[in-house]
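Taken in order, these protein sequences are the chains called W and C. Number 653 marks the last residue of the first sequence (this note's numbering); no jumps. Number 653 marks the last residue of the second sequence (this note's numbering); no jumps.
Among the hints, a few may not be true.
Remember, identical chains collapse to one label, so a pair may be satisfied in a single copy or spanning two.
As the list claims (entries may be wrong) - The calculated lysine to aspartate or glutamate pairs, modelled on EDC-like cross-linking and capped at a C-alpha distance of 20 Å, are:
1. Lys347 x Asp639
2. Lys323 x Asp564
3. Lys280 x Glu530
4. Lys323 x Glu295
5. Lys273 x Glu395
6. Lys431 x Glu466
7. Lys280 x Glu360
8. Lys273 x Glu530
9. Lys323 x Asp306
10. Lys273 x Glu527
Don't read these hints as lab results, they were simulated from the structure.
In case you want the letters, here they are:
2 protein chains.
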Amino acid sequence: MSILAQSIADSVKNSSWIRKMFEAGAQLKEQFGAENVYDFSLGNPDLPAPSCVGDALRELATKAGTPFAFGYMPNAGYPWARQALAKHLTQEQGIALQAEHVLLTCGAAGGLNAVFRALLNHGDQVVTLAPYFVEYSSYVANHGAVLHAVPSQTDTFAPDINALSAAITPKTRILLLNSPNNPTGVIYSKAQLEEIATLLRNKSQEYGRPIFLIADEPYRFLAFDGATVPSLLPLYSHAICVSSFSKNLSLPGVRLGYIAITPNMPEQEELMAGLTLANRILGYVNAPVIGQHIMMHALGSQVDLSIYAARRKAMARVLDESGYEYQMPAGAFYFFPKAPGGDDIAFVQKLQQERILAVPGTGFGCPGHFRLAFCVDEDVIIRSQESFSKARA
Amino acid sequence: MSILAQSIADSVKNSSWIRKMFEAGAQLKEQFGAENVYDFSLGNPDLPAPSCVGDALRELATKAGTPFAFGYMPNAGYPWARQALAKHLTQEQGIALQAEHVLLTCGAAGGLNAVFRALLNHGDQVVTLAPYFVEYSSYVANHGAVLHAVPSQTDTFAPDINALSAAITPKTRILLLNSPNNPTGVIYSKAQLEEIATLLRNKSQEYGRPIFLIADEPYRFLAFDGATVPSLLPLYSHAICVSSFSKNLSLPGVRLGYIAITPNMPEQEELMAGLTLANRILGYVNAPVIGQHIMMHALGSQVDLSIYAARRKAMARVLDESGYEYQMPAGAFYFFPKAPGGDDIAFVQKLQQERILAVPGTGFGCPGHFRLAFCVDEDVIIRSQESFSKARA
Numbered sequence: 261m262s263i264l265a266q267s268i269a270d271s272v273k274n275s276s277w278i279r280k281m282f283e284a285g286a287q288l289k290e291q292f293g294a295e296n297v298y299d300f301s302l303g304n305p306d307l308p309a310p311s312c313v314g315d316a317l318r319e320l321a322t323k324a325g326t327p328f329a330f331g332y333m334p335n336a337g338y339p340w341a342r343q344a345l346a347k348h349l350t351q352e353q354g355i356a357l358q359a360e361h362v363l364l365t366c367g368a369a370g371g372l373n374a375v376f377r378a379l380l381n382h383g384d385q386v387v388t389l390a391p392y393f394v395e396y397s398s399y400v401a402n403h404g405a406v407l408h409a410v411p412s413q414t415d416t417f418a419p420d421i422n423a424l425s426a427a428i429t430p431k432t433r434i435l436l437l438n439s440p441n442n443p444t445g446v447i448y449s450k451a452q453l454e455e456i457a458t459l460l461r462n463k464s465q466e467y468g469r470p471i472f473l474i475a476d477e478p479y480r481f482l483a484f485d486g487a488t489v490p491s492l493l494p495l496y497s498h499a500i501c502v503s504s505f506s507k508n509l510s511l512p513g514v515r516l517g518y519i520a521i522t523p524n525m526p527e528q529e530e531l532m533a534g535l536t537l538a539n540r541i542l543g544y545v546n547a548p549v550i551g552q553h554i555m556m557h558a559l560g561s562q563v564d565l566s567i568y569a570a571r572r573k574a575m576a577r578v579l580d581e582s583g584y585e586y587q588m589p590a591g592a593f594y595f596f597p598k599a600p601g602g603d604d605i606a607f608v609q610k611l612q613q614e615r616i617l618a619v620p621g622t623g624f625g626c627p628g629h630f631r632l633a634f635c636v637d638e639d640v641i642i643r644s645q646e647s648f649s650k651a652r653a
Numbered sequence: 261m262s263i264l265a266q267s268i269a270d271s272v273k274n275s276s277w278i279r280k281m282f283e284a285g286a287q288l289k290e291q292f293g294a295e296n297v298y299d300f301s302l303g304n305p306d307l308p309a310p311s312c313v314g315d316a317l318r319e320l321a322t323k324a325g326t327p328f329a330f331g332y333m334p335n336a337g338y339p340w341a342r343q344a345l346a347k348h349l350t351q352e353q354g355i356a357l358q359a360e361h362v363l364l365t366c367g368a369a370g371g372l373n374a375v376f377r378a379l380l381n382h383g384d385q386v387v388t389l390a391p392y393f394v395e396y397s398s399y400v401a402n403h404g405a406v407l408h409a410v411p412s413q414t415d416t417f418a419p420d421i422n423a424l425s426a427a428i429t430p431k432t433r434i435l436l437l438n439s440p441n442n443p444t445g446v447i448y449s450k451a452q453l454e455e456i457a458t459l460l461r462n463k464s465q466e467y468g469r470p471i472f473l474i475a476d477e478p479y480r481f482l483a484f485d486g487a488t489v490p491s492l493l494p495l496y497s498h499a500i501c502v503s504s505f506s507k508n509l510s511l512p513g514v515r516l517g518y519i520a521i522t523p524n525m526p527e528q529e530e531l532m533a534g535l536t537l538a539n540r541i542l543g544y545v546n547a548p549v550i551g552q553h554i555m556m557h558a559l560g561s562q563v564d565l566s567i568y569a570a571r572r573k574a575m576a577r578v579l580d581e582s583g584y585e586y587q588m589p590a591g592a593f594y595f596f597p598k599a600p601g602g603d604d605i606a607f608v609q610k611l612q613q614e615r616i617l618a619v620p621g622t623g624f625g626c627p628g629h630f631r632l633a634f635c636v637d638e639d640v641i642i643r644s645q646e647s648f649s650k651a652r653a
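From just these sequences and the hints, can you work out the full model?
Here you go:
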């Protein structure tokens with residue numbers, strides 16, 4: 261019998277194939293040299309953080325000797341930080357937010373866990389669209405609830421409204437959306453979101469309690485060819501946006517994210533009290549204080565998007581010329597091509613033989629595809645072409 | 261019906277008296293001026309962080325433009341940070357620790373939650389000694405388990421071994437100790453800890469699986485009059501130490517803590533895999549990256565302890581001269597005197613009328629006492645004497 265909690269013991273066991281895959285990748289790098297391995301496996305942004313991040317650290321250093329410079333503050337974050345963020349999000353989300361509508365968190369992952377802790381009872385259900393970010397099922401299971409992933413439409417990865425409607429039951433407390441999507445790069449249109457909001461309004465009325473709609477959107481900043489990412493907050497009375505500065509400022513290790521709730525929510529005070537309590541008792545206590553200072557310097561800044569745009573085109577060329585089928589990502593920094601032959605795990609192993617590291621779609625609840633993260637140097641993308649062609653042959 | 265999860269709705273409701281107390285305190289400060297209110301309610305360290313913290317920020321600022329400077333790293337922390345911490349703890353805990361025995365966390369609160377997530381199944385039991393840090397019951401409830409607080413011996417607050425023995429059942433997975441203790445300031449002796457370890461060895465054998473012993477020790481650095489804090493790691497095969505740099509470096513808002521497990525544990529690899537996974541999926545992902553850099557500069561440094569020592573003596577004089585009964589704290593920065601009249605909530609309100617803010621023992625599972633945090637200026641302590649005398653009258 262394991263000494264671990266059953267669900268943790270199971271997860272450790274089930275994730276052993278991912279570990280093995282990473283170990284195989286590390287071995288390849290050792291054998292052939294890191295520069296000869298094309299590593300598209302990780303969503304760890306490689307662009308340097310904007311210069312305002314260093315400025316923030318230098319300024320904070322001048323105050324480091326002041327009492328309480330790194331002290332506790334209210335669990336929702338410094339009032340000045342919440343106010344500045346609310347002002348920023350008012351522009352971004354197109355709806356007037358006040359400080360009391362936002363809460364600073366330990367990254368988007370901490371934000372999602374706080375929302376789930378605040379809302380979910382044991383046995384509740386969270387619905388999401390497949391493919392989906394692999395950690396969602398763990399975040400939901402942390403709080404004794406169950407994730408139900410509804411397949412998106414084949415090829416386009418658009419929401420399948422009929423399938424969604426059939427999946428929602430009286431146990432459903434939350435619908436979780438991720439747009440721009442990891443791993444597909446799809447951005448849901450305003451019409452699609454309105455259709456989803458209507459569905460949830462009807463289901464909420466039918467079951468006599470609100471179903472919450474959560475937008476997980478750390479890739480909002482990264483939409484290509486002039487695409488826009490519609491906001492959910494103005495569209496639905498029980499919408500919650502969770503996001504972070506991990507990707508747009510290239511600082512995922514800092515752990516700074518936030519939750520924003522729509523000011524149209526009748527129970528907004530109750531929800532914010534619950535979220536603040538959850539943020540505290542889950543042990544985040546408060547979003548890291550230094551991250552809050554960085555945010556004040558960096559609101560409105562971001563990494564150079566033209567670099568990601570060029571990489572996206574380069575990766576598309578590589579895939580075109582090697583004959584892969586894929587949908588051009590509208591946002592985020594991932595491609596999600598079809599696995600030639602259909603078996604994504606087998607094909608990812610074939611890619612490894614050609615010194616390409618990728619992640620099988622099975623890990624995202626969508627077998628038959630594989631994910632390529634293009635937060636790597638453009639030169640690596642270009643040089644990978646021959647290997648992609650060989651693997652395809 | 262609340263929109264919140266039942267346990268969160270209950271907690272929000274139950275904590276309303278604490279909020280009211282804090283609001284009353286804030287009102288007092290507005291009415292009489294902050295300098296005329298004696299606020300002993302919060303454990304928010306007021307001493308400035310050591311100068312090495314500012315140095316760390318300045319040095320990090322020079323690297324802020326490097327790719328991955330704030331990127332993801334392994335979920336247990338940077339290998340160099342784990343190694344340095346293991347070396348430091350080897351000295352402190354008196355047992356040889358390697359990097360693979362330590363894991364960096366989002367504060368001690370994040371560390372405790374990661375341990376509980378990794379070890380507890382729904383319905384399991386965690387035993388602790390009362391009085392205890394008020395958040396423990398929430399941390400345990402987060403993971404579907406139940407906290408059972410066993411009263412300590414009256415007056416001395418020493419562990420009551422017979423009561424402890426009676427409280428441990430086949431459902432008990434963890435015994436959680438906090439020494440130096442918040443709120444009592446008690447430090448458990450080596451003999452007491454050995455007695456507890458023997459009890460757990462016997463119970464583990466009886467029930468056929470290990471009961472874990474967790475030492476929560478953020479106040480280890482603060483022991484007065486030459487007192488020492490014995491380590492649990494060498495004493496018991498299933499001991500885990502959880503701590504943070506919040507108090508000794510005065511940076512609780514940074515959220516940097518750690519878990520250290522004894523190298524004597526047969527299942528150490530399995531446990532560390534489970535803790536690392538729990539750290540990831542609870543949404544901490546990794547201990548804040550900037551905190552890890554600060555730690556490298558600050559290991560071995562701490563705030564000026566002589567200031568806390570002087571305050572402790574000043575507070576003892578104030579309580580002596582106003583006729584309060586208390587046990588002199590051996591460590592940490594709290595006094596836990598008896599509430600004159602016996603009703604701690606009523607007496608804390610009486611203190612408020614004299615412009616003194618304190619926390620009732622009821623909040624720590626120990627009615628009849630109240631807690632005074634002496635992380636405030638010595639002058640405030642001295643000036644509070646008259647108010648303490650009036651409240652006593």
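At most 20 Å between CA atoms: does that hold for Lys347 and Asp639 within a copy, between copies, both, or neither?
For Lys347 and Asp639, neither the intra-copy (39 Å) nor the inter-copy (41 Å) Cα distance is at most 20 Å.
What label fits Lys273 with Glu395 when the C-alpha limit is 20 Å: within, between, both, or neither?
The answer is within: 15 Å in one copy meets 20 Å, while 31 Å across copies does not.
If the cut is 20 Å between Cα atoms, do Lys273 and Glu530 qualify within a copy, between copies, both or neither?
between (39 Å within a copy, 10 Å between copies)
At most 20 Å between alpha carbons: which applies to Lys323 and Glu295, within, between, both or neither?
Close neither inside one copy (42 Å) nor across copies (23 Å); limit 20 Å.
Quick one: Lys323 to Asp564, C-alpha cut-off 20 Å, is that within a copy, between copies, both, or neither?
Only across copies: Lys323 and Asp564 sit 18 Å apart there, 30 Å inside one copy, limit 20 Å.
Cα distance capped at 20 Å. Does Lys323 pair with Asp306 within a copy, between copies, both, or neither?
Between copies only: 14 Å across chains, 30 Å inside a chain, cut-off 20 Å.
As a check of your reading, is Lys280 near Glu360 (CA-CA no more than 20 Å) within one copy, between copies, both or neither?
Between copies only: 19 Å across, 45 Å inside.
If the cut is 20 Å between Cα atoms, do Lys280 and Glu530 qualify within a copy, between copies, both or neither?
Classified as between; 16 Å across copies, 45 Å inside a copy.
Within, between, both or neither: Lys431, Glu466 at alpha-carbon 20 Å:
within (12 Å within a copy, 41 Å between copies)
20 Å Cα cut-off: does Lys273 pair with Glu527 within a copy, between copies, both or neither?
between (41 Å within a copy, 15 Å between copies)
In terms of the numbered hints stated before, the structure departs from hints 1, 4, listed from lowest to highest.
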